[in-house]
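Asker: Here the protein sequences come in this chain order: C and R.
The numbering used here puts the first residue of the first sequence at 1, with every later residue one more than the last.
The numbering used here puts the first residue of the second sequence at 350, with every later residue one more than the last.
Please keep in mind that the hints were generated in silico from the structure rather than gathered at the bench.
Please note that the accuracy of each hint is not assured.
[Stated by the list, open to error] Below are the DSS-like pairs computed for lysine-lysine, each with C-alpha atoms no more than 27 Å apart in a straight line:
1. Lys200(C) to Lys458(R)
2. Lys200(C) to Lys589(R)
3. Lys427(R) to Lys347(C)
4. Lys458(R) to Lys16(C)
5. Lys601(R) to Lys10(C)
[Said to hold, decoys possible] Now the stretches of chain C that chain R is said to cover, found in silico as 3 or more residues with beta-carbon under 8 Å:
6. 178–191
7. 203–210
8. 246–254
Glycine is no exception: its CB is placed at the ideal position from the N, C-alpha and C atoms.
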Amino acid sequence: MIYLLIANLKMMYRNKQTAFWALFFPLLLVSVFGLFNMDEYSKSKIVITDLSQTNDSRQLISSIREVKSWTVLQILDSSTNSLLTFEEINADYIITIPIGFSETFPTLLEYTASSNSDHELVAATVRDLAHNIFYPNLPSLTTESNIGTKAIDYFDTVLLGLIGLAITTNSVISVTIQISTYRNQQILKRLLATPLPIWKFFVTQITSHLILVMIQTSIILAVGIFIFGANVTGNILYMYLIIGLSTIIFLNIGFILSAYANSPAAGSGLGNAVIFPMIFLSGTFFPAEYLPGFLPYVSKLMPLRPMLDSLRDIGLYNMSLTDVWVPIVYLLCWILVSGVIANRVFKFN
Amino acid sequence: MNDVVQVTNLSKTYGKFLAVKDISFNVNNGEIFGILGPNGAGKTTTLEILEGIVPYSIGEVEILGLNLKTNSKKIKTKLGIQLQSSAYFDYLTLSEILSLLGSIYPSSKSSTELLKDVNLTNKSNSRVKKLSGGEKHRFTLAAALVNDPKILILDEPTTALDPNSRNEVWDLIKRINDNGTTVIITTHYMEEANFLCDRIAIMNHGEIITVDTPDKLKQSLESKNSFTITTLNPLSQLQKQAMETIDPNYHKYFDNCYEIFIGDPSVTFNSAMQSLLSANIEITKIETNEPSLEDVFINFTKS
C-alpha cells in the first residue's frame with residue numbers, strides 16, 4: 001500500500017496539470033487579491049463643497065479628512081460646485097457646508113443610492129464632527145476603547161476562501177478526471193484483476209490527495225501571510241483538521257461523479273458543473289448571507305459552506321474546535337453520506 | 350494435478366443477454382489452451398470470469414483446485430493477466446509500473462529481471478506511451494508475469510501488431526510456456542492458434558462448439574479432400590470433361606491450374622489420378638490440400 005501511495009504522489013508530481021490547478025492557479029488568485037487593495041476600494045468617496053469658507057468650515061473639513069474609512073476626492077467652493085453632477089465627480093457623498101455655517105444649521109449631506117446602506121453612518125459621523133466644532137467644551141457622549149480584536153480585512157477572509165476553492169477544484173475535478181481516465185484505459189480493470197483489496201485503492205487515493213492538499217494549503221497560507229500580510233492567527237492544526245475533513249468529502253464527490261463520467265472530458269464538465277455553483281454560493285469571495293432570496297439556505301446545504309465558516313472562525317477569530325462543533329458535525333455527516341454513496345456507485349469497469 | 354482450470358456448466362448473463370451459455374471445458378497443466386471465436390462469441394467474458402473481474406451467474410469454476418467464488422483473492426495471486434486493451438499509468442516508468450504491480454502480490458519478480466525477459470532492459474526508465482506497438486505488447490506480458498504466475502491469461506495478445514512484432518510475442522509466449530506456465534489465450538488469428546495452441550476451444554454465440562487439438566480439428570473436416578494440379582498445357586474440352594467426371598464443380602485458377610474436390614466417397618485419390626492420366630493430361634505439379642484451421646473455424650462458426 002505504501003508503494004501505491006508513493007506511486008500516486010509521483011504521478012501527481014509529474015503531472016503538470018495537477019501542479020497548475022493545485023498550486024499555480026490558487027497562488028495566482030492569492031496574488032491578485034493580495035495586490036488588489038479591496039479595503040481602499042470599499043472606502044466612501046466624499047466631495048466637500050465649502051460655501052462658508054470660514055475657520056469653522058475649514059476645521060470641519062480637517063476633521064472629515066481624518067476619518068480613515070473615507071477618501072476626500074475634492075473640495076469645491078461656490079464657484080465650481082453648481083457645475084458638477086454626482087456622476088461627474090464620481091463620489092458616494094457630497095457634504096455641503098452652507099454659507100453662514102457658524103450660525104445656521106444643518107450641514108447638507110447628499111448621497112447616491114448605491115451607498116444607501118452606509119449613509120446613516122456617514123450622516124452620524126458628520127453630525128458628530130460638526131457638533132464637536134460648535135460645542136467643543138461639552139463632554140463627549142461616547143468613549144472608545146480598543147479591546148484588542150484585530151482588524152480583519154477582505155484579503156484575510158478571501159485567503160481562506162481561496163484555500164477552499166483550491167481544495168474543491170483539486171479534489172473534485174482531478175479525481176473525477178483521473179478515475180474516468182483510469183477506467184477508460186482499463187487501468188482500474190487491470191487493478192481489479194490483482195489481489196489488491198478495493199479499500200486499499202481508495203485509502204491510497206485519499207491519502208495521496210490529503211498530502212497534496214496539506215502542501216497546497218501550507219503554500220497558499222505562507223504566501224498569503226508572509227508576502228501579502230494576511231492576519232491568520234488561529235490554531236493551524238485545527239485549520240488542517242477542518243481542511244482534511246472537507247477534502248475527504250470533496251474526494252468522495254469526485255468518486256461519485258467519476259461513476260457517471262464516460263470520458264475524462266465528461267468528467268471535467270461534470271466536476272465544473274458541480275463545484276463552480278458551490279464555490280460562488282458558499283461564501284468563497286463574498287459573504288453567503290448577502291445572497292438573494294432562498295440562496296443563503298441553499299448555500300447552507302453545501303459542504304463548502306461549513307468548511308469555510310469553521311475555517312474563518314478558527315483562522316481569523318481564534319475560535320477552538322468546540323466553538324465550531326456544529327459545522328464539524330455537519331462535515332462529518334457529509335463524509336458519511338458521500339462515502340456511502342461513493343461506495344455504492346463507484347465502478348471499476 | 351492435471352487440470353489447472355475446470356469450468357463446468359458456466360453461464361453469464363448481462364441483463365437479458367446471455368453472453369456465455371452453459372459452457373464446460375478444462376485446461377491441462379502446462380498446455381497452451383486457445384479460445385477461438387468471432388467477435389461477440391463470449392471469449393473475453395469467459396476469460397474475465399476466470400480472472401475474477403466479472404462475476405458469473407451459474408456454474409462452477411475451479412482454478413488450481415480452488416473454487417473461484419470462495420477463493421478469488423488467493424487465485425488472483427497465482428494468475429498472470431493481460432487484458433485485451435489495457436494502458437498503464439502515464440506518469441510512471443516501466444520499471445516503476447512493474448514494481449508497483451509487484452508490490453500488490455505476496456511475492457514478485459524484480460522489474461529488472463522482467464524487463465530483461467521481454468528484452469526491454471534499455472527502456473526501463475521510459476514511459477509506456479514512448480514504446481512502439483510491439484514493445485507495448487511485450488511490456489504487457491512482463492506486467493502479466495510480475496507475480497511469476499502458474500497460469501497466464503492473454504486476451505488477444507498480438508492484435509494490431511506487424512508480422513515481426515507478432516513473431517516476437519509468439520516466441521515469448523512459447524518461452525514462457527516452456528518454463529512450465531500454463532497459458533490460456535484468445536485470438537482471432539488462425540495462424541496464431543495453430544502455431545501456439547496445444548488445444549483449441551471454438552466458441553460462437555456464447556457456446557463452446559468443440560474442443561480439440563489443432564490437428565484433430567483439421568482431421569475432423571473429412572469432407573475437405575482436394576488437390577491442385579498444374580498442367581503442361583491448357584486443357585482441351587475433352588480433358589475438361591474427364592475432370593468433370595471427378596468434380597463437376599472443379600475450380601480453375603489459371604488455364605493450366607485447377608483445384609479438384611473429391612466429394613464422392615467411392616472415388617479414391619488413385620482412381621482420380623488414373624482418370625486424369627487416361628485423358629492424356631500432362632501434370633507437371635500436384636499439391637494435396639489439407640484443411641486449414643481457418644476451414645475448421647469457418648465450418649464451425651458459419652451458422
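Asker: List, from low to high, the hint numbers that the structure doesn't satisfy.
Answerer: 2, 4, 5, 7 and 8
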